[in-house]
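When you get a sec, could you build the whole thing from the sequences and use the hints?
What follows is each chain in one-letter form.
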Amino acid sequence: MKVSFMLNGQEVTVETEADERVLDLLRRIGIRSVRRGCDNEGTCGACSILLDGEIVCSCILLAHQVEGREILTVEGLADGRELHTIQAAFLDAGTVQCGYCMPGQILAVKALLDKNPRPNREDVIDALSGNYCRCTGYERIFTAVEAAAARLRGEEGKVETPTYKRDCRIVGKSSRRVDGEQLVRAEPSYVEDMVSPDTLHIKVLYSPHAHAEIIDIDTSKAEELPGVALVVTHRNAPDVWYGSAGQNYPEPSPYDRRLVDKFVRYVGDRVAIVAAETEEIAEQALELIEVEYKVLPAVFTIEEAAKEGAPLVHRRDPSIDPLPIGQKAGSNLAACAEGEIGNVDKGFEEAEVIIENEYRCAQVHALPQEPHVVFTRMQSGRLIIHASTQVPWHLRRIVARVLGIRENRIRVIKERVGGGFGHKQDVVHEEVAAWVTWQTNRPAYFRMTRKEEFVSARYRHAMTVRIKLGARRDGTITAIEQTVLADTGAYGPHCLTVPMNASSKSLPLFRCPNMRFRTFSYYTHTPIAGAYQGYGAPQGAFALQLAVAELADKIGMDQVDLLEKVRVRAGDMLDIMKILGEGQEGIPQKVSSCGLGPALERGRELVGWDDEKKDDGRWAEGCGVAIIQQGSGLPGIDAANAECRLCGDGTLLLLIGGTDLGTGLDTVAVKIAAEVLCIDVEDVAVIAADTDVTPFDVGAYASSGTYFSGMAAYRAADGLKSLVLEQAARLLGCKAEQLSLAPRGRITGGPKELTLAEVAHRAQGGDGAGQLAAFGSFTTEEAPIPYGAQFARVLVDRKTGLVKVRKFAAVQDCGTPINPDLALGQLYGGVMKAVGHSLFEEIVFDGKGRVKNPNYWDYKVPMIGDVPEVFKAELVEVDDPLGPFGAKSTSEISMNGAAPAIAAAIHDAVGVWIRQWPFTAERVLEALDRQA
Amino acid sequence: MEILIPTTVREAVELHKKNSPSHFLAGGTLVNSRRWKKKGSLVSLSALGLTGVEIHGGDIFIGAMTSLSEVEASEKLTEAGLEFLQRSIRDLQRKTIRNAATMGGCVAAHLSYADPVPALYVLDAKLRVQFDTEASHSELGIDEYMALRALDRPLILGLVIKRPGKNSRFGSARRARNAGDIPFAKAVCRLDMDAGACKAARLAVGVSGVPVSRLPEVEKMLVGPTPDVDKAALAAAEAVRPVSDVRGSRSFKRKILGVLVKDALEQALDGGDAR
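Heads up: the sequence lines are chains A and B, in that order. Once you know that position 606 of the first sequence is 606 in the numbering used here, the rest is easy, because the numbers rise by one and skip nothing. In the numbering used here, each residue's number is its place in the second sequence (first place is 1) plus 1000.
The hints are simulated quantities; they were obtained by calculation from the structure and are not laboratory data. Even for Gly, the Cβ is constructed at its ideal location relative to N, Cα and C. One should not assume that every hint holds.
As the list claims (entries may be wrong) - Simulated pairs of lysine to any residue, SDA-like, Cα-Cα distance not exceeding 25 Å:
hint : chain 1 : residue 1 : chain 2 : residue 2
1    : A       : 565       : A       : 312
2    : A       : 799       : B       : 1244
3    : A       : 115       : B       : 1080
4    : A       : 468       : A       : 351
5    : B       : 1038      : A       : 17
6    : A       : 294       : A       : 280
Said to hold, decoys possible - Covered, in the sense of this in silico footprint (three residues per stretch, anywhere, with C-beta under 8 Å from a C-beta of chain B), are these stretches of chain A:
hint : region
7    : 35 to 49
8    : 127 to 136
9    : 548 to 559
10   : 842 to 853
11   : 862 to 874
Printed below as a string of structure tokens:
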């Protein structure tokens, strides 16, 4: 049938099937701003369009339903090179992060402002109530709408943001992100925008059993189906063991998996891979594969896995693993470690009060709106991988191992990433597409569905954390013992390092001479756990911070006062870091700077800590706080490189290996280089994360971006600065030491002023020394620690157990924020994810290891209506001596405080300790019933 | 999946009968979603019109294909005293869905979480329906419609609602896990008061996993000079049969429903339809 409608002001007639989804139809005719986030259930809004001026989901609209109607997408907003006012406001307010869901949000705002030029907060919440965003935490959207509304009314609509670092022109001041315009315009940016028409589509047959041996598999019918190009099973898969953790080699994670194995170890494990001409053919082929399983007994919890004689998840030889990580053959113990400083037993003897409890954290999901997606193709005998990854170089290394080829036969191009959050640190499916392309010489595309994301991607580790805390009655902590039991699922990427991080990012927050940690990580027949923003720190912080809150309660001391007394301070030596290395000995760290003091003070004010708390007998109000830390990369392990090339007109090409996931790293690197070279942001073009073109970088994880990749950019720019001044000195016949760079590319201090352009032209000309370019590398044995304090003010309904977060304040020491807007955006986003994990997010299994809520309908994520009434993220000014211009990392830390702060606030309100996240209404009500 | 696109009501009814099993497709927020598992062809109502709000004296008619957003924003309905229905629609906290979902579709789907349905129950809404091509339309109560075998249910043309009286008092309470979720429990009531006494009561509840229902026995308990809300809440909680799911256990939902019924009744007794 034919359907006619108006699309962005143009009449369009399209041949279609009556049941084609409008989302698919629009993408088919070149509209990229509509994206599939939820497997067609209308729950995420990534596919939003305006239909006759109203925001709707195009994934649950069929083609015939738009006959004669008017559709507007983001492609129809801008006027040529001029952005629409709303697009511009989103950029100016620092709202845009990964950008994947941004078109839908922009359209929702347009629908609102077309009808209501002065919307209030409630109007904005309603307008965007169907649009899920994992990155932003929504708060900056309110700012963007306010600015856009004002500008549309003809007012200035200025976005006010704080500034830092007075001695800098560019660093510490907010500017638009360098990739922002392409994202708000929905220009081709993501992997899904790169796919060519002759591509094979990949689908995977997943195990219906938690543990089974494949006795027989018949793929003949599938292979005979016209359009099927390749079927891979354990019989023809490469016999290579590898690990999927995207960590630096040698990885502290086991090589415990094959591309497809004879044994399946969780519901969702790979049984067969099909590549076919279309998605539909690939799906049909999956149905034609006949599998005979021998179902084996399974373990689903840490307790079951740890039992003597428990069914084993793996029977393998751990000697092939790159590092010894405490794995124990013949058991389900995937990794373990322990260590102690001081004398913990003596510390407990000296204690007047002991707090000893167990805290439990459920599996939760990162859920970036863009799922795992990869496009592979061959070019001149080389494999090209267009990836949505945080680790291009690790991806290249792992794929080379699986394919049995050398790394220089592979090129990884990191496209814009539609949300990562650590979730894309693992090589979850890229090796599958790589294998298909390598075998068939055909392009291959593998985009996981939302259900696949829930079942076969990665979770935050479920953990049980036991804390024993000894203290004197004045609050002095005399000993801490922390035991972490982690569930790594069926495979062990990060099985040592995530649970160790639970200790290494929580224990050093306290001045305590006697500390002991123990880490045990177990395999179970459940989906795989992996990296996720915070990387174990949220679980560790939840347990230890809540234990300290319980201590405050027990000794009758104000929680903030106790934290102020026992917290770490600048100059402290963190000896415990020596025993908390990642698969190797760690490096003791000195606290180079610490903004915890001002953060506690400011957070106390923002949340109204000392204000009266309401209690009408049913609804009770309470406050809680947590202090938090993360790291800035991994000293002694991480590495980053960058290159600055001066163009003939004095502008700059900056090549960095660092991986921007929507976090703004490209912008951060550009600003650092621009500041060093005294040029403007617009004078720098950045090319990033392409293994053929840009230099090596370990990737974006462990909060390394600003410090490691930023320092590499700094050093490259500084190196170029020296070259420029030397060249200028030669031209001017003076000494380079006399010269300096001045704003807007001027070279001053010599007999006359030169410009960068003049120097560059001469250098690259026939009588010059060649193009001016400099390389910057960064490795280190010390790294600054970002700190923060997070405060929650909650209301608890005693009758239903409902917890409402009324106010939340996140006050952060990230050193100098290179771009304050982007730094604040990271904070808001991290906090809202953590609020979701604290209150309602949880993967639920049935008794057979099947996920009961593998979709947005049943697994809830925070929406704009969940944002606290008062939600404040602020940065305290701390100038760190280590980082570029005093910067530390920003993003990951923001995940760590919500759970303990909210749990402490619940106790403050109604007197019950909830020691298991999420704090669902049912769990709170049960606790209240027990209390009664 | 075959999709049939009639242009008249008669044609729609005819195609529905001829192509059994077939289902009507209205806004599509359920039928077009991955949650729709039923087999058979679809008879799309997109070309039939069936939209708009009409007021005739004390009778209010809402076309079946009128979107929830249109009902929510309708000044006519506000003037006719149906703010309560409009707020119930607003409870469905996704603008994208309210803009696409229709009133008729909402009733036909009759899901436990369909926020407007309990409100329609307490408003005594009737359905104007078309059974076959020859006869003229007729009216059915929502329960009568639901009692029919799914494939025999007629085409809904619209909803007929009597303007509520000045002494009608409404109350509503719901709980969901978060802002974007469907309610796992909802209670809605209407008390027709006269000189402080309750002359008639309507109570509709929805609990995730089971259909929305009226609770006539509890309603009877409420009629009288001093309605005992505690007793009614307890009876309501005992009358429902929730199922355990990811949104909560059976016992939790039952307990919460009791609280919500009490909340809704107290709102109604406390001065109208304040929420």
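Against the structure, the hints come out as follows:
1. 565(A) with 312(A): 47 Å, violated
2. 799(A) with 1244(B): Satisfied, since the Cα-Cα distance of roughly 20 Å is no more than 25 Å.
3. 115(A) with 1080(B): 23 Å, holds
4. 468(A) with 351(A): 11 Å, holds
5. 1038(B) with 17(A): At roughly 20 Å apart (the allowed maximum being 25 Å), residue 17(A) and residue 1038(B) satisfy the hint.
6. 294(A) with 280(A): 29 Å, violated
7. 35 to 49: With 7 residues close enough to chain B, the hint holds.
8. 127 to 136: holds (count 6)
9. 548 to 559: Coverage by chain B is violated here, the residue count being 0 at a Cβ distance below 8 Å.
10. 842 to 853: holds (count 3)
11. 862 to 874: holds (count 5)
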